[in-house]
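Work the whole structure out from these sequences, hints included.
The listed protein sequences derive, respectively, from chains D and A.
Just so we're on the same page, this note's numbering is the position in the first sequence counted from 1, plus 118.
Just so we're on the same page, this note's numbering is the position in the second sequence counted from 1, plus 118.
Relax, there's no trap hidden among the hints.
Since the list gives no way to pick out one identical chain from another, each pair is judged satisfied if it fits inside one copy or across any two copies.
Here are the computed lysine-lysine pairs in the PhoX-like style, where the Cα-Cα straight-line distance is at most 25 Å: (1) K258 / K277; (2) K712 / K689; (3) K277 / K124; (4) K581 / K631; (5) K388 / K541; (6) K258 / K622; (7) K622 / K124; (8) K689 / K649.
If you are wondering where the hints come from, they were derived from the structure by calculation, not from laboratory data.
These numbers come from a predicted model, not from an experiment.
Number of protein chains: 2
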Amino acid sequence: MFKRTKYCGQVSEEDLGKELVLCGWVHRVRNHGGVVFIDLRDREGIVQVVAEEKTYPQAYKVADSLKSEYVIAVKGTVRNRPPGTENPKLKTGNYEVLAQEIQILNISDPLPFPVDEETHISEELKLRYRYLDLRRESMKENLLFRHRAYQVVRNVFLKHGFVEIETPFLTKSTPEGARDFLVPSRLHPGKFYALPQSPQLFKQILMVAGFDRYFQIVRCLRDEDLRADRQPEFTQIDFEMSFVEEEDVMSFSEELIYTLFSELLGIELKRPFERLSYTSAMERYGTDKPDRRFGLELIDLTDIFKNTEFKVFADTIKAGGVVKAINFKESNLSRKEIDELTQFVQSLGAKGLAWIRVEEGKLNSPIVKFFSKQEIEELLKRTNAQAGDTIFFSADQRETVYKILGNLRLHIAKKYKLIDEGKFDVLWIVDFPLMEWDEEEGRFVALHHPFTSPKEEDIPLLKQALETSNIEEKKKLISKVKARAYDMVINGYEVGGGSIRIHKREVQDLVFKLLGISQIEAEEKFGFLLKALRYGAPPHGGLAFGLDRLIAIMRSLDSIRDVIAFPKTQKGVCLLTGAPDYVSPKQLKEVHIKEME
Amino acid sequence: MFKRTKYCGQVSEEDLGKELVLCGWVHRVRNHGGVVFIDLRDREGIVQVVAEEKTYPQAYKVADSLKSEYVIAVKGTVRNRPPGTENPKLKTGNYEVLAQEIQILNISDPLPFPVDEETHISEELKLRYRYLDLRRESMKENLLFRHRAYQVVRNVFLKHGFVEIETPFLTKSTPEGARDFLVPSRLHPGKFYALPQSPQLFKQILMVAGFDRYFQIVRCLRDEDLRADRQPEFTQIDFEMSFVEEEDVMSFSEELIYTLFSELLGIELKRPFERLSYTSAMERYGTDKPDRRFGLELIDLTDIFKNTEFKVFADTIKAGGVVKAINFKESNLSRKEIDELTQFVQSLGAKGLAWIRVEEGKLNSPIVKFFSKQEIEELLKRTNAQAGDTIFFSADQRETVYKILGNLRLHIAKKYKLIDEGKFDVLWIVDFPLMEWDEEEGRFVALHHPFTSPKEEDIPLLKQALETSNIEEKKKLISKVKARAYDMVINGYEVGGGSIRIHKREVQDLVFKLLGISQIEAEEKFGFLLKALRYGAPPHGGLAFGLDRLIAIMRSLDSIRDVIAFPKTQKGVCLLTGAPDYVSPKQLKEVHIKEME
Numbered sequence: 119m120f121k122r123t124k125y126c127g128q129v130s131e132e133d134l135g136k137e138l139v140l141c142g143w144v145h146r147v148r149n150h151g152g153v154v155f156i157d158l159r160d161r162e163g164i165v166q167v168v169a170e171e172k173t174y175p176q177a178y179k180v181a182d183s184l185k186s187e188y189v190i191a192v193k194g195t196v197r198n199r200p201p202g203t204e205n206p207k208l209k210t211g212n213y214e215v216l217a218q219e220i221q222i223l224n225i226s227d228p229l230p231f232p233v234d235e236e237t238h239i240s241e242e243l244k245l246r247y248r249y250l251d252l253r254r255e256s257m258k259e260n261l262l263f264r265h266r267a268y269q270v271v272r273n274v275f276l277k278h279g280f281v282e283i284e285t286p287f288l289t290k291s292t293p294e295g296a297r298d299f300l301v302p303s304r305l306h307p308g309k310f311y312a313l314p315q316s317p318q319l320f321k322q323i324l325m326v327a328g329f330d331r332y333f334q335i336v337r338c339l340r341d342e343d344l345r346a347d348r349q350p351e352f353t354q355i356d357f358e359m360s361f362v363e364e365e366d367v368m369s370f371s372e373e374l375i376y377t378l379f380s381e382l383l384g385i386e387l388k389r390p391f392e393r394l395s396y397t398s399a400m401e402r403y404g405t406d407k408p409d410r411r412f413g414l415e416l417i418d419l420t421d422i423f424k425n426t427e428f429k430v431f432a433d434t435i436k437a438g439g440v441v442k443a444i445n446f447k448e449s450n451l452s453r454k455e456i457d458e459l460t461q462f463v464q465s466l467g468a469k470g471l472a473w474i475r476v477e478e479g480k481l482n483s484p485i486v487k488f489f490s491k492q493e494i495e496e497l498l499k500r501t502n503a504q505a506g507d508t509i510f511f512s513a514d515q516r517e518t519v520y521k522i523l524g525n526l527r528l529h530i531a532k533k534y535k536l537i538d539e540g541k542f543d544v545l546w547i548v549d550f551p552l553m554e555w556d557e558e559e560g561r562f563v564a565l566h567h568p569f570t571s572p573k574e575e576d577i578p579l580l581k582q583a584l585e586t587s588n589i590e591e592k593k594k595l596i597s598k599v600k601a602r603a604y605d606m607v608i609n610g611y612e613v614g615g616g617s618i619r620i621h622k623r624e625v626q627d628l629v630f631k632l633l634g635i636s637q638i639e640a641e642e643k644f645g646f647l648l649k650a651l652r653y654g655a656p657p658h659g660g661l662a663f664g665l666d667r668l669i670a671i672m673r674s675l676d677s678i679r680d681v682i683a684f685p686k687t688q689k690g691v692c693l694l695t696g697a698p699d700y701v702s703p704k705q706l707k708e709v710h711i712k713e714m715e
Numbered sequence: 119m120f121k122r123t124k125y126c127g128q129v130s131e132e133d134l135g136k137e138l139v140l141c142g143w144v145h146r147v148r149n150h151g152g153v154v155f156i157d158l159r160d161r162e163g164i165v166q167v168v169a170e171e172k173t174y175p176q177a178y179k180v181a182d183s184l185k186s187e188y189v190i191a192v193k194g195t196v197r198n199r200p201p202g203t204e205n206p207k208l209k210t211g212n213y214e215v216l217a218q219e220i221q222i223l224n225i226s227d228p229l230p231f232p233v234d235e236e237t238h239i240s241e242e243l244k245l246r247y248r249y250l251d252l253r254r255e256s257m258k259e260n261l262l263f264r265h266r267a268y269q270v271v272r273n274v275f276l277k278h279g280f281v282e283i284e285t286p287f288l289t290k291s292t293p294e295g296a297r298d299f300l301v302p303s304r305l306h307p308g309k310f311y312a313l314p315q316s317p318q319l320f321k322q323i324l325m326v327a328g329f330d331r332y333f334q335i336v337r338c339l340r341d342e343d344l345r346a347d348r349q350p351e352f353t354q355i356d357f358e359m360s361f362v363e364e365e366d367v368m369s370f371s372e373e374l375i376y377t378l379f380s381e382l383l384g385i386e387l388k389r390p391f392e393r394l395s396y397t398s399a400m401e402r403y404g405t406d407k408p409d410r411r412f413g414l415e416l417i418d419l420t421d422i423f424k425n426t427e428f429k430v431f432a433d434t435i436k437a438g439g440v441v442k443a444i445n446f447k448e449s450n451l452s453r454k455e456i457d458e459l460t461q462f463v464q465s466l467g468a469k470g471l472a473w474i475r476v477e478e479g480k481l482n483s484p485i486v487k488f489f490s491k492q493e494i495e496e497l498l499k500r501t502n503a504q505a506g507d508t509i510f511f512s513a514d515q516r517e518t519v520y521k522i523l524g525n526l527r528l529h530i531a532k533k534y535k536l537i538d539e540g541k542f543d544v545l546w547i548v549d550f551p552l553m554e555w556d557e558e559e560g561r562f563v564a565l566h567h568p569f570t571s572p573k574e575e576d577i578p579l580l581k582q583a584l585e586t587s588n589i590e591e592k593k594k595l596i597s598k599v600k601a602r603a604y605d606m607v608i609n610g611y612e613v614g615g616g617s618i619r620i621h622k623r624e625v626q627d628l629v630f631k632l633l634g635i636s637q638i639e640a641e642e643k644f645g646f647l648l649k650a651l652r653y654g655a656p657p658h659g660g661l662a663f664g665l666d667r668l669i670a671i672m673r674s675l676d677s678i679r680d681v682i683a684f685p686k687t688q689k690g691v692c693l694l695t696g697a698p699d700y701v702s703p704k705q706l707k708e709v710h711i712k713e714m715e
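See below:
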């Protein structure tokens, strides 16, 4: 086999007149009577190889037998392409390699789909033949970009004295999170390992051990119901720091993201990143991960309608609900379009969608007749309504209004292309509540996780809440308690989240009690962490970024599958290998389990 | 909380007279009447903090209340220690920090064992309180060393154009390897994922995809019977290259190992590394992972005794066996010592241990009386025997002799401290057989794995072997077939292994057939790889290093547990978290399994 001396995509001026050996795939081949032109492709790009019958008949003969995706090695000399035949689309487009000798290293069956960007290939086929899909330029670039991102991320960590430490994959099942993937133990019949949902407890333990600053780019696994673009295994950029407060973690995180955007995209994000309180985010965007690349903010109208004659609004407000609206400026919507948007909110569970179309000199709306003149005036003023606008209302309990209008806002932005796709909207959400009341479970649940520290000044509220037996009073107290947590949001996706953790045993006990986690349960599940807190745990905090989503956003891709080498389908299937699959009864017996009938 | 301005271990001359904030653990504290001395410890080291009653009474008061492993922040100024009180054992030993203010950030219960190097702590206790064990200087240094190793390794890969790509953890169970850990699927009742034993197939697929050079530092999981120092999860430095031959992979591997030793230990290994054929290694050391830091090589005596009167030897040779010996030079062993060694080989299954003690002018031995004069002469000459030596014999089938003498050799070296512990013996084992006959299974098995390429020139032998129906003929032909495989051995441990892979479908089919893997089975298990080989697979090869063992060797540690942050016991238990553990019936039901009664 010839020994490669250069990548195809790197043939350049300096190689003119020199003999090279190139190895790669036949991207395209055509015979122009006595001359065969081969587009030879490797990881670095494409170069044109020419085999001439008159100069090297043997090489020509081999070249003439080549088919798409054959793997070859070519020995040849580099020359300029004849004037007028240069290909400006190729980095190597000024040159060609005159083949002296060609070795066929492997042949190829005809491909199930061409390796180009033009052909639409079904997701199913792409995943089944992932090795061919990955040959496509865009997919290759996605993974090379991801590769570069790993290196940039690590360099930032190293610059700041972080220590890379690996945490276990076979660990213990803990509740208070998503569903665990289980691994039956062969040596301990009836017992199971769980795959890690995140290295949360281990990184805290590493802080107790004194490593001061830890990082890891690490796989996490959650057996959740697979929504459109979720993977059962995903990668986190995970870190933790000791002797820090919120500002330290956030400013380091900003440097990390800043450096990624700067080095990989040449984009200088403005630092410090903007911050928005959880409450503001919910009030203005109906979500704690707002996409602010477009307007359509939620406008509160509750005070305007608090004495309205319009029964729907009045009843809602009386029952403790709110009235909010968004104004779709200059939309000039047709009735049909409004009907479509109504259907959309109905699919979210709304009964209907109240609206006003603002026209020259009049309001077109089925509900405006119920409003007083003053209500109309104030409403138009607050929503800054002008002819051409359409105002949509939602009146319901606060959470429902957020859901309806938050989603409607996004739906409109996508449908009417209001989003500036070239823009990156990066912000922090802060001042989260520590816990929220879960109606279904009838208890408080941690908004982040049960190791998140409450703000120091709110700890007395927690103590009071624990002491009171009046549940409404308890809820009221707890709703005031803020967490030392922070989420980073880019373009409407939560790309990272973290918090300052509880490092004092008594605070952890207090939080567990309020979360309804009994002493016994706490000991059983997190006993080792609770114990560790007894032996000199330093103040600490950290954050984890979702690498897959982050890369997808940076590459302007909708699907994280496009930045994962071997992703799974929505059903958790690897179409390449066929996992999951049946195993032998012997294998099941060895791990002491059997199928449930 | 004070904001740290420097690590304790980094206080230096430049800080003299300056105000600092240090954070850390109270390593030691003692009150010398009006002055409290605190050894304050963080990741970077220890510095002495002094709290004087006369200068800062408030700081003194706090200091006087401190106990071991309390977590504190200290604001103070750096000064020289009084002459004569410097501590040359500490990097910061010339300085001390006069505390102006001390904050107690957390208290600590008395520890179950002290955080020092002197106290012997049971393995069980160390693992249960891993966060305390990791505070010990040696353990901390092990993990920091490992951290540095990751970075050195990655830099070498990056320098050579390797692309870092992540492969899946939830994958498909494949036989032809160790036992898989299984993960029951919730969405596909009765089906299972398997955790990866290595990314072997995926990295080959990545070569087919055209990534040219792949690397990953990756966790692998094998549910093997846990021997003394084996972990169910371990870390591989994994890589694969396209368009390469053995020399390319080996020379890159040498650069990787050379750079690790050079940058982390300041040791320049001699390149190229020595190579030993599999056959020579077996003949001279009785193993394919020889430790050559001491002599005691196996000496073949079969030809000398081929006509011996000594029935034990004669019968063995007649039955196709061999007679080999090792000469323990200048050992002057007592009968008791020889008996102990005899017991050792008996524990390996040997019937006994024949020996000759060479004394001034005579031979002391129970067997020498059966030898002819010529046999004795030739024996002494070949073993280079001199007074004081002891020669041990093994006569049996070749494999048994290798096992007995190979192990005896190691046993003697350890017992009699013949090993130069400061030395690193690095070598390649090459020219492995492709397959060997497995008596138990009654079939050929791959010595490496079934994707290892045979040497080009041996492929005709494989074809012949496939055609013959005579099993002895088949064995003979196959025994001649060498693999394009290479193992790296350091100090008697296989630290890495790899091969040039099969990239042609017809060769892969041939090998599968000889391994007794049916077409159906092959399709079912490796179908995706076989298919990929049809679509332009380039020639490729690679290697994987066992990171844990490599680091342990470099740190001169016996146990890989000491270089893993959270290792498991021999029974696969994590004593820190208590994994594996029972899970709820609900969890089992969700994944459609139940315990076997």
